[in-house]
Every structure is written in structure tokens, then in C-alpha cells.
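Colleague: The opening position of the sequence shown corresponds to residue -3 in the working numbering, with each subsequent residue numbered one higher.
Misleading hints may appear alongside valid ones.
Straight line, CA to CA, 20 Å or less: simulated SDA-like cross-link-like pairs of lysine to any residue [to be verified]:
no., residue 1, residue 2
1, 94, 47
2, 94, 6
3, 94, 64
4, 94, 32
5, 51, 38
6, 94, 49
7, 15, 102
8, 94, 21
9, 15, 47
10, 94, 16
11, 94, 48
12, 94, 83
13, 15, -2
14, 94, -2
15, 15, 27
16, 15, 44
17, 15, 64
18, 94, 107
19, 94, 15
20, 94, 77
21, 94, 80
22, 15, 48
23, 60, 8
24, 51, 80
25, 15, 110
26, 94, 0
27, 15, 43
28, 15, 99
29, 94, 42
30, 51, 64
31, 15, 49
32, 51, 65
33, 94, 20
No lab work stands behind these hints, which were simulated from the structure alone.
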Amino acid sequence: MLYAILCYNDGNQIANWSKAEDDAVMQRIGAITQRIAAAGKLGPVARLVDTRQAKVLRKDRAGKPVVTDGPFAETKEHFLGFYVVDVAHVDEAVEIAKELQAANRGPSAYDIRPVMFYGGAGTIPDRMAAAS
């Protein structure tokens, strides 16, 4: 079963990390992702750029598209990135999320959701199977 692990943290705090602090977090997270990849359970992983560089597309009341600067909500925690893991049970995805949270600095939240794919050949599950 595929699960997405969506990573949230205080975007302002992360934006203020020194390069050394960021490198240390990424090294700890890298060790976890290498282990998961070696077990053949890691799909796509992405770290999103600072939310201040985001754009949001909405519809106005008349139904016309409107583009604004992001993030879409004023909140302390921002969506920072995601992992897709191929595990037997949600409990295994939760354990991976716990490791990622322990490797990170400061407050963080991880949203763990089953993934459904739409599409034919060349979709992520096909590429994951080919890589094994």
C-alpha cells in the first residue's frame, strides 16, 4: 500500500536556520530516506521551497481565476514537502513519520494518507516496481 507522508513545520523558523543547521537536519533525514530506499519502500520525495515564493490559484466570486502570492493561509505551520512510501500497513508509515519527525528540528506535524493513483503505464507505482 502506498502512503503519502506530508511534512509540516514552522516555515518562519526553517527560513531562519543557518546553512549548518539546515545541512544537519537534511543529513539526518537523508540517512532515514537512504535506509527506506535500500529496503525498496521509497517513492518520490520532495522538499518545497519557502512558502513566500508560492503562488495560489483560486476562483473569485464570479468564477474567474485569480492568482495571489502564497501561502494560501496565514498559519505558523506550512506544508514543506512529502514522501511516498510503499509499506504493508499504515503502522509502518507512521513509524517512518516518527523517525522523520525525530530527525527534524522544532515543532512539526506529519499527515499520513493512503495514496490512490489515476493513470496508466508510467505512473509512480509502475516506476517503483521497475526500480526494485
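Colleague: Now tell me if each hint is right for this structure.
Modeller: How the hints compare with the structure:
{"no.": "1", "hint": "94 / 47", "verdict": "24 Å, violated"}
{"no.": "2", "hint": "94 / 6", "verdict": "17 Å, holds"}
{"no.": "3", "hint": "94 / 64", "verdict": "34 Å, violated"}
{"no.": "4", "hint": "94 / 32", "verdict": "13 Å, holds"}
{"no.": "5", "hint": "51 / 38", "verdict": "28 Å, violated"}
{"no.": "6", "hint": "94 / 49", "verdict": "28 Å, violated"}
{"no.": "7", "hint": "15 / 102", "verdict": "16 Å, holds"}
{"no.": "8", "hint": "94 / 21", "verdict": "15 Å, holds"}
{"no.": "9", "hint": "15 / 47", "verdict": "18 Å, holds"}
{"no.": "10", "hint": "94 / 16", "verdict": "23 Å, violated"}
{"no.": "11", "hint": "94 / 48", "verdict": "27 Å, violated"}
{"no.": "12", "hint": "94 / 83", "verdict": "15 Å, holds"}
{"no.": "13", "hint": "15 / -2", "verdict": "33 Å, violated"}
{"no.": "14", "hint": "94 / -2", "verdict": "17 Å, holds"}
{"no.": "15", "hint": "15 / 27", "verdict": "18 Å, holds"}
{"no.": "16", "hint": "15 / 44", "verdict": "16 Å, holds"}
{"no.": "17", "hint": "15 / 64", "verdict": "29 Å, violated"}
{"no.": "18", "hint": "94 / 107", "verdict": "11 Å, holds"}
{"no.": "19", "hint": "94 / 15", "verdict": "24 Å, violated"}
{"no.": "20", "hint": "94 / 77", "verdict": "15 Å, holds"}
{"no.": "21", "hint": "94 / 80", "verdict": "15 Å, holds"}
{"no.": "22", "hint": "15 / 48", "verdict": "18 Å, holds"}
{"no.": "23", "hint": "60 / 8", "verdict": "32 Å, violated"}
{"no.": "24", "hint": "51 / 80", "verdict": "24 Å, violated"}
{"no.": "25", "hint": "15 / 110", "verdict": "34 Å, violated"}
{"no.": "26", "hint": "94 / 0", "verdict": "14 Å, holds"}
{"no.": "27", "hint": "15 / 43", "verdict": "16 Å, holds"}
{"no.": "28", "hint": "15 / 99", "verdict": "16 Å, holds"}
{"no.": "29", "hint": "94 / 42", "verdict": "18 Å, holds"}
{"no.": "30", "hint": "51 / 64", "verdict": "6 Å, holds"}
{"no.": "31", "hint": "15 / 49", "verdict": "19 Å, holds"}
{"no.": "32", "hint": "51 / 65", "verdict": "5 Å, holds"}
{"no.": "33", "hint": "94 / 20", "verdict": "18 Å, holds"}
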